[in-house]
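Going down the list, the protein sequences come from chains A and B. When the letters of the first sequence are read in order and numbered with our numbering, they come out as residues 9 to 423. When the letters of the second sequence are read in order and numbered with our numbering, they come out as residues 169 to 648.
Some hints here could point you the wrong way.
[Said to hold, decoys possible] The following label-pair restraints were derived from C-beta to C-beta distances:
#1 A:Tyr379 <-> B:Pro608: 46 to 54 Å
#2 B:Tyr241 <-> A:Asp360: 26 to 34 Å
#3 B:Asp443 <-> A:Asp360: 48 to 56 Å
#4 B:Tyr241 <-> A:Ile118: 46 to 54 Å
#5 B:Lys243 <-> A:Lys43: 34 to 42 Å
#6 B:Glu609 <-> A:Asn313: 53 to 61 Å
#7 A:Asn40 <-> B:Gln230: 56 to 64 Å
#8 B:Lys243 <-> A:Asp360: 19 to 27 Å
#9 A:Lys65 <-> B:Asp443: 52 to 60 Å
#10 B:Gln625 <-> A:Asn313: 42 to 50 Å
#11 B:Thr338 <-> A:Lys405: 47 to 55 Å
#12 B:Lys548 <-> A:Gln423: 37 to 45 Å
#13 B:Lys548 <-> A:Glu131: 54 to 62 Å
[Said to hold, decoys possible] Below, a list of computed lysine-lysine pairs in the BS3-like style, where the Cα atoms sit at most 27 Å apart:
#14 B:Lys327 <-> B:Lys313
#15 A:Lys55 <-> B:Lys238
#16 B:Lys522 <-> B:Lys578
#17 A:Lys25 <-> A:Lys65
#18 A:Lys219 <-> A:Lys362
#19 B:Lys232 <-> A:Lys44
#20 B:Lys566 <-> B:Lys524
#21 A:Lys50 <-> B:Lys238
#22 B:Lys524 <-> A:Lys55
#23 A:Lys312 <-> B:Lys488
#24 B:Lys519 <-> A:Lys391
#25 A:Lys50 <-> B:Lys327
[What the hints assert, rightly or not] Which residues of chain B face chain A? A partial, calculated answer using Cβ under 8 Å:
#26 Asn546
#27 Ser547
#28 His570
Don't read these hints as lab results, they were simulated from the structure. Given the structure is predicted, the values throughout are model-derived calculations rather than measurements. Here a beta-carbon is modelled for each residue, glycine too, at the ideal position from N, C-alpha and C.
One-letter residues, chain by chain:
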Amino acid sequence: MSEQLLSDFDKLVKTSKFSNEEIQFKKNFLNNFIKKGFPNRKQEDWKFLDISQIIKKNISNLSYFNDYSQSNKIDPSIFVDGLEHNKIIFINGKIEKIDFNFEDRNKIEITDETKKDISFDYENSLIDLNSVFADKVFKILIKKNYSLKKPLIIYHSTNDKIKSTNINLRLNFELGENSCLKLIDYFGNNTEKNFINIFYNFNLEKDSILKNYKIDKFRNNNLKYSFNNIEQDNNSVSETFILSAGSDYFKNEINCNLNGEYSSAFINGIFSLRENQQHEIRTTINHLVENTKSYQLIKSVLGKNSKSAYQGRILVNSKAQKTDGYQLSKAILLDETSEFNAKPELEIYADDVKCSHGSASGSLDENSIFYLMSRGLNYQQSKELLINGFLMDVVEKITDVEIKNLIINIIGLKQ
Amino acid sequence: MDTREKDIEKLKDYKYGFTTDIENIKAPKGLNEDVIKFISNIKKEPQWMLDFRLKAYERLKQLKEPNWQKPKYPKIDYQDLYYYSAPKSMKDKPKSLDELDPKLLETYKKLGIPLQEQARLNGIAVDAVFDSVSVATTFKGELTKHGIIFCSMSEAIQKHPDLVKKYLGTVIPVTDHFFATLNSAVFTDGSFVYIPEGVKCPMELSTYFRINASETGQFERTLIIADKGSYVSYLEGCTAPMRDENQLHAANVELIALDDAEIKYSTVQNWYPGDENGKGGIYNFVTKRGLCKGKNSKISWTQVETGSAITWKYPSCILKGDNSIGEFYSIAITNNHQKADTGTKMIHLGKNTKSKIISKGISAGFSDMTYRGLVDINSKAKNSSNYTQCDSLLMGNKCGAHTVPYIKNKNFDSNIAHEATTSKISEEQLHYCQQRGLNPEEAVGLIVNGFCKEVLQQLPMEFAVEAQKLVGISLEGSVG
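With these hints in hand, go ahead and build the complete structure from the sequences.
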């Protein structure tokens, strides 16, 4: 593996316009990744789904080099209809277009942050990999007191010109005081077996609001990993919604640091899985100061041969009195081959807190089906109605009405 | 000649016939094949038992000490321990209660333990009158009448080799984790219980009633077998604080329930937790595992853990037989600098198996409490269910309470429900109690007892009263 990495890195250096300093910076990460390799089940965070095995099984010729010097044609058919929006388009790991047509251009600033080092207190070799092979890293700054008029949709797509089987994407966002950003990650249905590694870093200043919706609906054979790091100042709010249904493998990881008082984080997720899909959500919410709040709701509907995992961790620092933390995960297993794993973890060092978690899993309630069938629905309809209601509960948590309706349409739920 | 060499010399002597007085025997320090042979020999064990120990030792050499647990402890030098020393002779034991630590006596008084029992707990030579009429002797006769075997492990190896051979190591194999394997290699003694087919054991069995049970040492091994249709309730430990010179305790407990049998295992552990600054104290690294082997069998664990500097144990149930039931009720209290990482594992293999977990953790002072549990429903365990509830109570902001459940559901017919909460004693509750004339400590005691009620109810009657008092005493000095 290391030979491939080294030669692909050489190609990247040759074709791109990175400065010497940047290349040196990337080299350090390359050495780190070569040392550590892909995470495996020996690491606690990867216990349920072992990504190194999954990659090995699905991608035989793993290569990392993408030519960022060549531009790709944008295929407008991938765009979302019925919703006016700003766009960022990634094709084969390269940003082809950043389009803020609906906004006041003076209020948004885009800067190159390739050299910015982001350090974490926990080990994750996929971020090292991302740091090595991602293209130029841009920071999108929303200035003070500005709320985006329209949501921003990030399109993640690939075309047949792709050279490698691994794509690394990275963006940094900074939300100035009292600003607001609605961000939708939209995944297409390209069916090549690629490993897509996404890393976003969000910095939320006082009173700012971030709403992030990740939509992976259309069945595809990609393997995806997405990591969101969210830093929150006083009174800021982050809302994350994850629809995890399309890819063969998808792990969403969210690390949220509530650094400011009265800040809050909401995470809602849906797994809707079928044939051989393996998805996971892992969250870490660090309550670091007083009066912070977090809420998580994750629901799974699992069909044949599918597997979902939820690892949620709430950490309450000894300073973080008056914390309110809540976690709930529920799963419906539809087939004897489906599997649900959960590890809802609480780590609490302060006494004046309210923290709880719940987890429930099982099959559809036969009594409810009987009730519906006795009122004239057939078995299939009853089942669908129950699942519809089960998932609707999560979608209802979306605070933006326009986006909520869009997501309801995409999933095909009935209201 | 230094002491080590002397010890080795003794060992050599032993090979040519053992004549020395048993009271003076001590195995040389350290862990090696010779020491294991020494232990086996001194206990006059048959060859198969020695082979069992040596097999475990072979395995142990390849194992590494686990380090994933939350409470970290200084490295133990396993070559610096004595793995066998004969029971203390009467000469070394305290002669009367006056020689004991006054603090210890005070605790006895609070728990309401009778004088004679206090003496017995500390190995004081009790007068002949008490001994001859002792409850233990009477109980022994009653048990024999029912055909129940209740004796020490060493006695069982001699007298009932077939049973021991058949069941020992079937639930905790010699190839298990580090501490369990260590126990398999060097265990000294413990309890053995066999309940014959269809017998309901007429009384609660307790180590206390087993004659000569006082010093089983740090590597205890217990094996309980409930044959078809039988029932037994077993009590381990007692509410009285136990002082012990051995820092590391790595016991193994195996339970086997055959068709329609039920085993109820209750533990109250109040070993020395170290002083207020966290110095000293016992490491309690116990492996407890029950196998519901037969159909309709049931194993129920109840534990009240208040002692030890570090408690690290997960009493588990393997629900192999169809319709079998596993239960786990636990109260873990940590105060001062105590640390506990405890919980259970429920492994569902058979059809229609059910399990229930109720865990109550209370941490005060500078302590750390972790609930760690696994619920694993296998794909063949159709129509199984689990219910888990783990609540934590925090007192003060210097302590920690953690919950780490692992939930694996591989069967669509099965249900798992898990709930956990963490909170503190509310000011309103305290105020209400104090208004009605309770002092703050009494008020906390009352509220905590209410919090633990679901678990305390599971304990046998006479135990429950003492345990209730123990809960209050363990939290002394943590309020105000």
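Going through the hints against the structure:
1. A:Tyr379 <-> B:Pro608: 46 to 54 Å: This hint holds: roughly 52 Å between Cβ atoms.
2. B:Tyr241 <-> A:Asp360: 26 to 34 Å: 30 Å, holds
3. B:Asp443 <-> A:Asp360: 48 to 56 Å: 28 Å, violated
4. B:Tyr241 <-> A:Ile118: 46 to 54 Å: Distance hint for B:Tyr241, A:Ile118 holds at roughly 52 Å.
5. B:Lys243 <-> A:Lys43: 34 to 42 Å: With a Cβ separation near 27 Å, B:Lys243 and A:Lys43 fall outside 34 to 42 Å, so the hint is violated.
6. B:Glu609 <-> A:Asn313: 53 to 61 Å: 57 Å, holds
7. A:Asn40 <-> B:Gln230: 56 to 64 Å: Violated, since A:Asn40 and B:Gln230 (Cβ atoms, about 31 Å apart) do not stay within the stated range.
8. B:Lys243 <-> A:Asp360: 19 to 27 Å: Given range 19 to 27 Å: violated, Cβ gap about 37 Å.
9. A:Lys65 <-> B:Asp443: 52 to 60 Å: With a Cβ separation near 55 Å, A:Lys65 and B:Asp443 satisfy 52 to 60 Å, so the hint holds.
10. B:Gln625 <-> A:Asn313: 42 to 50 Å: 43 Å, holds
11. B:Thr338 <-> A:Lys405: 47 to 55 Å: This hint holds: roughly 50 Å between Cβ atoms.
12. B:Lys548 <-> A:Gln423: 37 to 45 Å: 40 Å, holds
13. B:Lys548 <-> A:Glu131: 54 to 62 Å: At roughly 37 Å between Cβ atoms, A:Glu131 and B:Lys548 fall outside 54 to 62 Å, so the hint is violated.
14. B:Lys327 <-> B:Lys313: 17 Å, holds
15. A:Lys55 <-> B:Lys238: Since the Cα atoms of A:Lys55 and B:Lys238 sit roughly 18 Å apart, the hinted pair holds (cutoff 27 Å).
16. B:Lys522 <-> B:Lys578: OK: B:Lys522 and B:Lys578 at ~15 Å, within 27 Å.
17. A:Lys25 <-> A:Lys65: Not OK: A:Lys25 and A:Lys65 at ~34 Å, beyond 27 Å, violated.
18. A:Lys219 <-> A:Lys362: Judged against 27 Å, a Cα distance of about 25 Å means the pair holds.
19. B:Lys232 <-> A:Lys44: Since the Cα atoms of B:Lys232 and A:Lys44 sit roughly 22 Å apart, the hinted pair holds (cutoff 27 Å).
20. B:Lys566 <-> B:Lys524: 31 Å, violated
21. A:Lys50 <-> B:Lys238: It holds: about 17 Å lies between the C-alpha atoms, which stays within 27 Å.
22. B:Lys524 <-> A:Lys55: Judged against 27 Å, a Cα distance of about 25 Å means the pair holds.
23. A:Lys312 <-> B:Lys488: Answer holds: A:Lys312 to B:Lys488 is near 26 Å, not above 27 Å.
24. B:Lys519 <-> A:Lys391: Holds, at roughly 25 Å.
25. A:Lys50 <-> B:Lys327: The hint is violated at about 45 Å.
26. Asn546: 11 Å, violated
27. Ser547: 7 Å, holds
28. His570: The hint holds - B:His570 has a Cβ within 8 Å of chain A, the shortest such distance being about 5 Å.
Going through the hint list in order, the structure does not satisfy hints 3, 5, 7, 8, 13, 17, 20, 25 and 26.
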